[in-house]
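Q: We have chain P already, so just place chain A on it with the hints.
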Amino acid sequence: MLKQLTHTQVWVHDQDEALAFYTEKLGMELREDITLPELGDFRWLSVGVPGQSDVAITLMAIPGPPVFDEETRAQIQELLAKGASGGLFFSTDDVRASYEELKGRGVEFLQEPTEQPYGIDAGFRDPSGNQFRLAQLN
Amino acid sequence: MASTHPVRHLLRAKDLIDARYRDELDVATLANVALLSPAHFSREFRRAFGEPPHQYLLTRRLERAAALLRNTDRSVADICLLVGLKSVGSFTTSFGRTFGMSPTAYRAAHAPALSRARVPTCVLQAYARPQSSMFGEDGRGRRG
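Listed in order, the protein sequences are those of chains P and A.
Position one of the first sequence corresponds to residue 715 (our numbering), numbered consecutively onward.
Position one of the second sequence corresponds to residue 10 (our numbering), numbered consecutively onward.
Bound-form chain A, shown alone:
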């Protein structure tokens, strides 16, 4: 059998972020999944996917938070915790920098996408994830 492509291991770490963004995920855990040392892992992840792993994790959490704001009536504090972030203040700041408005204003401005098109979750998650690299509040993801 052909040996596994090295990038496939990095995809496994990216998939782990998508599956377990609610949990505490540090670089060491992700690097372990990718079979690389933490320092090497962050560099290789960035090379493969265009951004460092901690940023991918934060943007995934913000994307999920935005979806919960659009599609549920959970409170902002609840949503912050549900997506794996611990500080509501940092969450609100990151959210504002990324989406240009507060979580409450965002909720008021957006009807659920699914009320308009039956797009699957993978499409929603892939296309709605913010691209900004302007935030830096999520210091937890920078460990390791």
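So here's chain P without its partners, still in its complex pose:
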């Protein structure tokens, strides 16, 4: 049966921009960056949270033909830019300190740290429009 979640995927508007954001601003580490000429230069790009080596986030460019027709690609691009693409949840030991540090690096927050019964959480976006939660859980 299923054993473990190993990869999750987010669409990104631009892989170079995303890689810089996830590593330089969010402090993640590069896991894989492999371009495959036989697959039309498909680029398998993944990052992960340091210390959590068994889960990676794949930063996927939105493909055109033969994967998606141009109209579908444009629709996904627009939905991503509208913030309609879902997101990921992260935990931290000190959300207020993380908020200040990330904000200082230019990360765009939708919600400053807010106390909730389950802990303190905050919300931010990546340059593509993906939404993230950062929580300090009780």
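If you are wondering where the hints come from, they were derived from the structure by calculation, not from laboratory data.
A hint or two may mislead.
Stated by the list, open to error - EDC-like, lysine to aspartate or glutamate: derived pairs with alpha carbons at most 16 Å apart:
hint : chain 1 : residue 1 : chain 2 : residue 2
1    : A       : Lys95     : A       : Asp32
2    : P       : Lys796    : A       : Glu60
3    : P       : Lys796    : A       : Glu53
4    : P       : Lys739    : P       : Glu822
5    : P       : Lys739    : P       : Glu814
6    : P       : Lys796    : P       : Glu822
Stated by the list, open to error - Non-contacting residues of chain A with respect to chain P, defined by C-beta distances greater than 10 Å in every case (computed):
hint : residue
7    : Asp35
8    : Leu45
9    : Ala48
10   : Arg55
11   : Pro61
12   : Ser84
13   : Val85
14   : Asp87
15   : Lys95
16   : Ser96
17   : Gly98
18   : Ser99
19   : Thr101
20   : Arg106
21   : Arg116
22   : Pro139
Glycine included, every Cβ here is placed at the ideal spot set by N, Cα and C.
A: Chain A in isolation, oriented as in the chain P frame:
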């Protein structure tokens, strides 16, 4: 690098409403974030998100007010100011039209959602925001 999708700039303005609904936010400020002229901005915002920016701002404030009514014991007047609205009378009217009851009755009728499920704030905010376009009391948001 691929240039930024134009709608991404509009999302930045929508995010600014979610982050700073407590403040005075006029259309000019929001348009500036979206890199558009105020007239163009309101039209494009509506096209992208299905409602004009001043309405999104008002419904965000009403959603936050409803959450404060459910989850705190702050007074109605306090809550009105906390969500960025200035007139308690207008707030009470807008709230009544949107939720079908007064703020006080709403508070009495709803136990905090978080006492039942550990849903994150983003889910609460996204799903609890009222959809009504029936109100018009918040004239401040229509500037510009």
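Q: Far enough from chain P: is every CB of that chain over 10 Å from the CB of A:Ala48?
A: Holds, since 21 Å exceeds 10 Å.
Q: Would A:Pro139 pass as off the interface with chain P, using Cβ distances and a cut of 10 Å?
A: Holds, because the least Cβ-Cβ distance between A:Pro139 and chain P comes to about 19 Å, which exceeds 10 Å.
Q: For A:Ser96, is the shortest CB-to-CB distance to chain P above 10 Å, so the non-interface label stands?
A: It holds; A:Ser96 is separated from chain P by about 26 Å at its closest Cβ, greater than 10 Å.
Q: Beyond 10 Å on every Cβ pair: is that true for A:Gly98 relative to chain P?
A: Answer for A:Gly98: holds, closest chain P Cβ roughly 29 Å.
Q: Does A:Leu45 really sit off the interface, with its C-beta more than 10 Å from all C-beta atoms of chain P?
A: Nearest chain P Cβ is 14 Å from A:Leu45, so the label holds.
Q: Mind checking the alpha carbons of P:Lys739 and P:Glu822 for me, to see if they're no more than 16 Å apart?
A: Cα-Cα ~11 Å, so holds.
Q: Would you mind confirming whether the straight-line C-alpha gap from P:Lys796 to P:Glu822 stays at or under 16 Å?
A: Between P:Lys796 and P:Glu822 the Cα gap is close to 15 Å, so the pair holds against 16 Å.
Q: Grab the minimum beta-carbon distance between A:Val85 and chain P and tell me whether it stays above 10 Å.
A: Holds, since 21 Å exceeds 10 Å.
Q: Is the Cβ of A:Asp35 more than 10 Å away from each Cβ in chain P?
A: Given that every Cβ of chain P is farther than 10 Å from that of A:Asp35, nearest at about 20 Å, it holds.
Q: Tell me if the straight-line CA distance from P:Lys739 to P:Glu814 falls inside 16 Å.
A: Status holds; Cα separation ~12 Å.
Q: Beyond 10 Å on every Cβ pair: is that true for A:Thr101 relative to chain P?
A: holds, 25 Å
Q: Over 10 Å from every CB of chain P: does A:Arg106 meet that, or does the non-interface label fail?
A: holds, 27 Å
Consistency with the previously given hints is maintained throughout, with no hint failing.
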